Structure formats: structure tokens, C-alpha cells
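All chains, full assembly: derive it from the sequences and hints.
Protein chains: 2
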Amino acid sequence: MAKAKKQPRPKAITPKGFRDYFGEEVTQRTHMLATIAEVYHHYGFEALESSAVETVEALGKFLPDVDRPNEGVFAWQEAEDDGKGDWMALRYDLTAPLARVYAQHRNDLPSPYRRYAMGPVWRNEKPGPGRFRQFYQCDADTVGTASMAADAEICMMLSDTLEKVGIPRGDYLVRVNNRKVLNGVLEAMGLLEDDPKRDDVLRTIDKFDKVGESGVRELLGKGRLDASGAYIDGVGLEDHQAEPVLAFLTSKGDTVTETMTNLRAAVGDSKVGQEGIAELELMGSLFAAAGYGEDRILIDPSIVRGLGYYTGPVFEAELTFEIFDEKGRKRQFGSVAGGGRYDGLVKRFTGQEVPAVGLSIGVDRLLAALREKGRLAATPTGPVVVTVMDRDRMADYQAMVAELRQAGIRAEVYLGNPKNFGNQLKYADKRHSPIAVIEGGDEKDRGVVQIKDLILGAKIAESATLEEWKERPSQFEVPRTELVAKVREILVSQSSDREG
Amino acid sequence: MAKAKKQPRPKAITPKGFRDYFGEEVTQRTHMLATIAEVYHHYGFEALESSAVETVEALGKFLPDVDRPNEGVFAWQEAEDDGKGDWMALRYDLTAPLARVYAQHRNDLPSPYRRYAMGPVWRNEKPGPGRFRQFYQCDADTVGTASMAADAEICMMLSDTLEKVGIPRGDYLVRVNNRKVLNGVLEAMGLLEDDPKRDDVLRTIDKFDKVGESGVRELLGKGRLDASGAYIDGVGLEDHQAEPVLAFLTSKGDTVTETMTNLRAAVGDSKVGQEGIAELELMGSLFAAAGYGEDRILIDPSIVRGLGYYTGPVFEAELTFEIFDEKGRKRQFGSVAGGGRYDGLVKRFTGQEVPAVGLSIGVDRLLAALREKGRLAATPTGPVVVTVMDRDRMADYQAMVAELRQAGIRAEVYLGNPKNFGNQLKYADKRHSPIAVIEGGDEKDRGVVQIKDLILGAKIAESATLEEWKERPSQFEVPRTELVAKVREILVSQSSDREG
Numbered sequence: 024m025a026k027a028k029k030q031p032r033p034k035a036i037t038p039k040g041f042r043d044y045f046g047e048e049v050t051q052r053t054h055m056l057a058t059i060a061e062v063y064h065h066y067g068f069e070a071l072e073s074s075a076v077e078t079v080e081a082l083g084k085f086l087p088d089v090d091r092p093n094e095g096v097f098a099w100q101e102a103e104d105d106g107k108g109d110w111m112a113l114r115y116d117l118t119a120p121l122a123r124v125y126a127q128h129r130n131d132l133p134s135p136y137r138r139y140a141m142g143p144v145w146r147n148e149k150p151g152p153g154r155f156r157q158f159y160q161c162d163a164d165t166v167g168t169a170s171m172a173a174d175a176e177i178c179m180m181l182s183d184t185l186e187k188v189g190i191p192r193g194d195y196l197v198r199v200n201n202r203k204v205l206n207g208v209l210e211a212m213g214l215l216e217d218d219p220k221r222d223d224v225l226r227t228i229d230k231f232d233k234v235g236e237s238g239v240r241e242l243l244g245k246g247r248l249d250a251s252g253a254y255i256d257g258v259g260l261e262d263h264q265a266e267p268v269l270a271f272l273t274s275k276g277d278t279v280t281e282t283m284t285n286l287r288a289a290v291g292d293s294k295v296g297q298e299g300i301a302e303l304e305l306m307g308s309l310f311a312a313a314g315y316g317e318d319r320i321l322i323d324p325s326i327v328r329g330l331g332y333y334t335g336p337v338f339e340a341e342l343t344f345e346i347f348d349e350k351g352r353k354r355q356f357g358s359v360a361g362g363g364r365y366d367g368l369v370k371r372f373t374g375q376e377v378p379a380v381g382l383s384i385g386v387d388r389l390l391a392a393l394r395e396k397g398r399l400a401a402t403p404t405g406p407v408v409v410t411v412m413d414r415d416r417m418a419d420y421q422a423m424v425a426e427l428r429q430a431g432i433r434a435e436v437y438l439g440n441p442k443n444f445g446n447q448l449k450y451a452d453k454r455h456s457p458i459a460v461i462e463g464g465d466e467k468d469r470g471v472v473q474i475k476d477l478i479l480g481a482k483i484a485e486s487a488t489l490e491e492w493k494e495r496p497s498q499f500e501v502p503r504t505e506l507v508a509k510v511r512e513i514l515v516s517q518s519s520d521r522e523g
Numbered sequence: 024m025a026k027a028k029k030q031p032r033p034k035a036i037t038p039k040g041f042r043d044y045f046g047e048e049v050t051q052r053t054h055m056l057a058t059i060a061e062v063y064h065h066y067g068f069e070a071l072e073s074s075a076v077e078t079v080e081a082l083g084k085f086l087p088d089v090d091r092p093n094e095g096v097f098a099w100q101e102a103e104d105d106g107k108g109d110w111m112a113l114r115y116d117l118t119a120p121l122a123r124v125y126a127q128h129r130n131d132l133p134s135p136y137r138r139y140a141m142g143p144v145w146r147n148e149k150p151g152p153g154r155f156r157q158f159y160q161c162d163a164d165t166v167g168t169a170s171m172a173a174d175a176e177i178c179m180m181l182s183d184t185l186e187k188v189g190i191p192r193g194d195y196l197v198r199v200n201n202r203k204v205l206n207g208v209l210e211a212m213g214l215l216e217d218d219p220k221r222d223d224v225l226r227t228i229d230k231f232d233k234v235g236e237s238g239v240r241e242l243l244g245k246g247r248l249d250a251s252g253a254y255i256d257g258v259g260l261e262d263h264q265a266e267p268v269l270a271f272l273t274s275k276g277d278t279v280t281e282t283m284t285n286l287r288a289a290v291g292d293s294k295v296g297q298e299g300i301a302e303l304e305l306m307g308s309l310f311a312a313a314g315y316g317e318d319r320i321l322i323d324p325s326i327v328r329g330l331g332y333y334t335g336p337v338f339e340a341e342l343t344f345e346i347f348d349e350k351g352r353k354r355q356f357g358s359v360a361g362g363g364r365y366d367g368l369v370k371r372f373t374g375q376e377v378p379a380v381g382l383s384i385g386v387d388r389l390l391a392a393l394r395e396k397g398r399l400a401a402t403p404t405g406p407v408v409v410t411v412m413d414r415d416r417m418a419d420y421q422a423m424v425a426e427l428r429q430a431g432i433r434a435e436v437y438l439g440n441p442k443n444f445g446n447q448l449k450y451a452d453k454r455h456s457p458i459a460v461i462e463g464g465d466e467k468d469r470g471v472v473q474i475k476d477l478i479l480g481a482k483i484a485e486s487a488t489l490e491e492w493k494e495r496p497s498q499f500e501v502p503r504t505e506l507v508a509k510v511r512e513i514l515v516s517q518s519s520d521r522e523g
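The listed protein sequences correspond, in order, to chains A and B. For what it's worth, this note's numbering labels the leading residue of the first sequence as 24, then goes sequentially. For what it's worth, this note's numbering labels the leading residue of the second sequence as 24, then goes sequentially.
Bear in mind the hints are in silico, worked out from the structure with no lab data behind them. Bear in mind that the values here come from a model prediction, so they are computed numbers and not experimental data. The hints are all genuine.
Derived pair list, reagent style PhoX-like, types lysine-lysine, alpha-carbon separation capped at 20 Å: (1) B/K107 - A/K34; (2) A/K230 - A/K275; (3) B/K39 - A/K107; (4) A/K149 - B/K107; (5) A/K370 - B/K34; (6) B/K34 - A/K107; (7) A/K39 - B/K107; (8) B/K149 - A/K107; (9) B/K275 - B/K233; (10) A/K34 - B/K370.
Laid out in C-alpha cells, this is it:
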């Protein structure tokens, strides 16, 4: 493959905003995806894997907050003989492909269609710290039902899933809101469907998390000085006109009944608003009947994320424990999953409105949270390494490895240049190997092997006194026939040390 | 999300050459990937997941048989303010990204670096029947070792993996060849490294599978009429000059010793050829020492696939059982995995030659083979469906489902419009549900539920006599408290029916 002509060497770098995942990062994610898939499947959802590539036409521009076509996605034009190939793009989420799949296969699919999907999605956005242009999503959706039982089920499944992957009850909360209630509020304010101020109000509500009640009040009115000193123009509503929005955002009471009373006041006699409240009440009663208390799922009109995107119930799961950021400051971990009801996606293709509700779990964020809490093993465990003292006896070393593997023990023979024995131990160290096996010519003649406990060895080197050293040696000579038994014994003692 | 302006509806279709995978297709693949990952991991390989996107520069043009840059990959140019963004592309295999990762992180990685990777790759090629532009690969590579023990280990691991995923010994064969032997043959023919005829000879050898010994003889000489009647120009070698190639391709003897003797004759006194033979012998001795006989791994100089790509040992796994194609004709299933030694990939980036050997399993082909042999369940099993007789008692039905799920039974409540009960049973049928649960107002009052064995019901409807019908009813009324126990009992009887 050598080239005659000299060319500058290519740079070995990941493209901007992408990254590589090594070892445990991969297997821990794989394990989490498998656990989530198990819960989804157990709830009756079927797997679906659509391709990473879709036509731009089919994807549409449903990416939230993006007004320009193709903006935010990785897209390219197919090369055709006439130069006018289709535009293709990488999927930016798993919902847009679901809508395409459902529209395409709807005659063959059961109705309702309950599917789960997991895999990477791609966003052509400016990368930032911890923000990558490829990340995993993990969705479950029920397509073709207007029943609130579907929405309630997905919220309860979300709660079950979080506990199953290792977030204990009390460390998370699923909050539920409803877009129709907000529509009722807008109606109560006299803002009709085509009023351009509706969008302004929606955008302002989105800032509730950041600027709080008084901030929203200012932004709905004349405007507001932001933290940087810049003046942000307001929507220009009169104080009394802004009241229903603020009543809505602050309607969370101590009990569900109180919250509902507050909401009723906020929507007045708006029919859609009352519908939204009835939906929240119905979901609340299903949660209560199934024993999901407010320590797991909470009806909370102050959550606003996604209200612009969804058409009915909206929910999100937040981790409630505190972590410390890079600068040592306490902060909340925040949202790891969200979802809601959306009725417009399939209609784009078929003209028929197909009600649907779905959930998306941000697996990478969830993994980060578990790591920060120390709930995922930080140090990986490598294979037992059989070192090579005599390169002509490779078959002997392979035989040892084969015996160990046969016994269910992860093992390998050192495959680098065996000349320098120190390099072999350095290799075992870099692999986080628990044990190294050594058989030189002398050992071979005497029918024994040396077995080195690398974890104990490292501990002793670090901190042990001479007495401890003598008491608990970290290297053992055993008959060759006892190789597997001794390795297993050491592995057991290491794992009880770890747990103890 | 409704648009005021009317636009033509987007077409709901997968892009050309892509497809969707449903239900068992997805879970069976996931399961196979997990099984393979387990074997790779057990052998000491670490997981790596690089991003799907690479710079075109880093990917290079290592795609076999492709001479034009970017040809064969999906590529696009990043939009930058100056209009000169980087070219990016979807990876076409997992080896090119490995070379980039190794070059980029080599100071932090153990040496040798043993990694496995699995995931989709993309090829911008003309799709054909059963040929898709996105498919899965499943690789393991050892980077940074020239030891034949690494090559031998990967061949043995391939054998183990195939058996682990369900291909019994005798139904597959791993065949091993060596590119250096071929180089020796070319040397023996007097074709030096820069002789343009070398490539012609390589291309001709690639056709050995199709045209056989006499065909290759003609193509190396004056030329040949192909099956369509077209005349294919030959390489133009004299008969005696073509002899070593034919001796090489037909050197497989009844024993390894015989094969080696034949190969020695073919390469004459070429040093590189003798090196290749020594490598094959060393691998053969490691296979023998580890007990991998010729029923699993065979040294066979007639396998030629990949000889142009690899630089040392080359191997491929073939399924040896026969299947029937669409037209009912018997055919061999053919190759499902391949690999070999390649030394040039990392050098592109660093200038240093880094010897490496790797294996790639074509998971989709392997799944297809298992399906054709009936070794993967053809009929999926859906969830138990709790039907809805009274839409106001959704909480009751959810409670049943919760009990079933708690007991480890996959279950769901029917979430479509419950008005038409027939639709509910049709739904259960489409989901391949084993059982439907029914509780109308009357049952509720009497504290009972109806449990319908849908699989037995379907069987009876198909074929049972009146006696059988009476003897084995397919619907049972049990007290509500015995719901879980009865459902479990039926599931057990269904699964023993399936196995019996």
C-alpha cells in the first residue's frame, strides 16, 4: 500500500465535536442500553432499528428551535448522472424516523404501534464542553392512540427504568405538565391561534427556569436588563394580561387538588385549557391507582421544556441529587429524559392526524450522572496476562491461556516483543490486569509457575510495612497443574477486598 | 405544527439501499453482537467505539477495489464561514477508524493494543438484492505485534465465536493463506515489485473462485471467452511463467506437510516466499498445539479473497452447509468473516510501520445463515394483552398489567380505541400475543377474569376435532386473584408445546 509519490501525512484526529469511547465507557453504555431495552420490551414495546440515513424530505424540519432547512443536520446530495441526486441526511433524533417508518409501513404494523429504538443521532451544531455532535438516544413511543393511559404508562415506565439502571427512588423525579393548559392560558389572555405574540410568550416561558417569576413578568411586559447588562425587549403585554401566564407557571400547590384549582383559575373558561386539566387529572389518577406517588411522578406546571414542541402532556425526568462541578460548586444534575404527546408528525406524510406519545432517555447524560455518583466502576479490570519468558514456547503459554479461558477467566498471552520482561509487566499494569503468570525455563523444568497478584503487589508497594509484606506475599509458586485453581483463588480474594 | 401554506407531502420511504429492521430482527442481532463481544472480551480485547463520522483525510482510500477518492463513501463538506470546511464522511469499515484512533492515542494505549468494535458501516455503492448501504461489522484487532501467535489466536477466536453464536463444528471452516507466499510466487516468476503485470496477476488470481484452474491459466496467458461470449484479454504470460501461480493455487495437499512441500516448490528460492511458508507453518503448529484440527482451521492456499489488501496471513470463515436459494437451487452459503495482517494503515499517519492483524465478522450474513437453517426463532412472541372492556376502568386493567410485569411476564394493556372488541383481538394476533385477558363488568362483579390461550385457540381453529376442542379448552375463567398463576401456567404449557 506504499505510495511512490510523497504526500503530506493525514492528521490523526477525530472530527471537531466527535469523540472516541474506550473500554468501560463502551461496555457500561452497552449494558445500560440492554437494561433499558429489557424494561421497554417487558412493557410490550417492540424493537425498531431504522437506518442512520434518511432523505432530507422525510426528516423535515422538526428539530426544535431551528427555522432554517437543513440547519442543524449533516446533509449531502447524492451524486447522480444528471447531477440532481436526492438530499440525504443523518437522523437528528429517533422520532422523525419513527414518523417515516409508521407512515411507510402503517398497513403492516399493529395499531397502536409500540416501538422502542436506541442508537446514535447526529446534530450539526457548534460543539461545546461535554456537548458532542453524535450522542445516543433511547426512545419508546406509542403511535396511534389518544388515550391518556398511554402517556401515564410511559411516565411510569420512565420511573421504573431509572430505578432499574441504578438511580434510587428519591434521587429522581418525573415531572408532568400539559401543553393544552398553556394553550388555555393563552386563550384566557385573548391571544388567538394566529397571534404573533403567542410565539413571543412561548419563548418567554422557556426562560422561566433561568429568570424566574419576576424575570418572566418583566419579559412579558416592557423588558429586562439581563445579567450581562444588555437590555432585552419585552413582549409588551399589560400587567393584567400577563397574569394568567404567571398564574400558570406558579400554580404548583402542596397537593394535586390545590394545583388543579390554581390551574382552573389560570385558564378561566377556555375549553382547551379545561381539557388539558382533565388530562392531567386523569394521568394523576392513574399514577395514584398504580401506587406511583409524588416521590416518583409529580404534576408540576412549572416545567416548561418542550412545551413548544409537544401538543398535550409533556414530561421530563430530573436527577435531584447534587453534584460538584469542575470548580467544586454544588449544582443539580438536571434533566436526563423527556417526552410528551405529539400529533403532527405522521400527518406530514399521510394527511391523517395520528396521535402519539413518546419518551427519550439521554443515555450519555445518565451514564455521566452515575459515574459522578460513583455508581459505576471507575477502575476497569483487565485480563490475566500470561507473560512470555521463552518465545519459542508460545504454544505452552497459549495452552495456559486456553485453560484459563476454558475456566471462565478472562486471559491473554503477551503478544508484544517479549525481549524486555519489564515491558510485559508495564503492559499488564496499563491493562489493569489483576494477575500475571510467569513460566521461565527453570519453572518449566520444575513443573511450576509463578503467579503474581498485581493488585496486592501495587498496594504493598504503596503502603505496606515490612511485616505485612512478609505476611501476605503477592507472588506465589504453584505446580503447573494448579494454575487455574490458584488464579481463581486470587481473583476471589481481590474481589472480596474490593467489596470489603 | 400545522403549516398555513400547502406544500406537497413528503414521501415516506427509506432512502435507496437502506432498510428498517423490526422486532426480532433487531433483538436477534443485538443478542448476537453481545455474544460475540463476550468472546472477544474474554480473549482480552477491549471495547472501542469511535464516531460514525471521520474526516475524509483520515479515512483515506483504503476501501478495497476503489481507485477514485471519496468514491464508495458518503461524504460532505462542512459549511464554514469562508466556504472551505473540512470534508467529512461516514466510515466504510472499522479498520480505517482504528488506524486513526491508534495513531491519535498511541501514547496512552497499551502496546500491543487489542480492541474490538462493533457497529454499522456505510458504503455508497449501488444497492442490490440483499446488499445494503448500511450494515454491521464486528471486528477484533491486535495492533503493534508482528508475532504469528496473534494471527493464530484470532483464527482460533473466530472458530470459538462461530460455535458460540450457534454454528456447530463441521458447519464452518476457517481457511488460512498468506500473502507473502504469493509474493514469493511472483518473485519466482520474475515479476519484480514495480512490474505492472503484478497487478494483472493479482486480479486474475481473484477470479480463481469463479473460473477455476483452467480459467486462470487462460487468463494469465492469451485470454479467454467468458460465459457471455465476450473475449477477455489475458495477461500475456508464457505458459512456463504462469506455472508458479497455478502451482500456488493448487498446492493444497491431503496433509499440511504435503501442502507445505507443494508451496516450497512454487516459491523456489524466493526469500519472502519462504518467510510466508514459515509463517503458515508456525500458525499451523499453534493450531495443532491448541487442539484446533483441520475440521476447524485449515491451511489452504486456494483462498484468494483479500490477498491484494493484506500483507501477511489472510483468513476467512466459510459456512460449509448447503442452503436453497430463491429458485430452490442448492448453494453454499459462503463467507461470513475474514481478516488478515496489514502493516500499512497506521504508517499513513505516523510514518512508522505498525504491524497489525484483525478480524471482521459480517453479522448480518451470519444472522441470515442462522435464519435459513432455522436456528433462530422465526415466530416472535408478543406480550400478554389485557383487553379493555370498560374504558372507565383503565386503572383496573393497568393494575393487572402491573401484577403480570411484576411477576416477570411481558404484558400490556390495549391502548387503542376499545370500542370494537374484535379490533383488540386482531391487535393481539398481530402482536403474536400468547394470551389475552378479559374482564367485563360481569366478570368484575363476580371477581373473575377470562384468560384466552391465543396460541392453542389458533391451533384448534385450524385443525382440532370436536373431541380435542372439548378436551382442551382455550379459554379459562379463574378468580381475579389467580390471574398471574394461570397466565404463567399457560405460558409454560405453550413453551413445552413449542419444544415438544
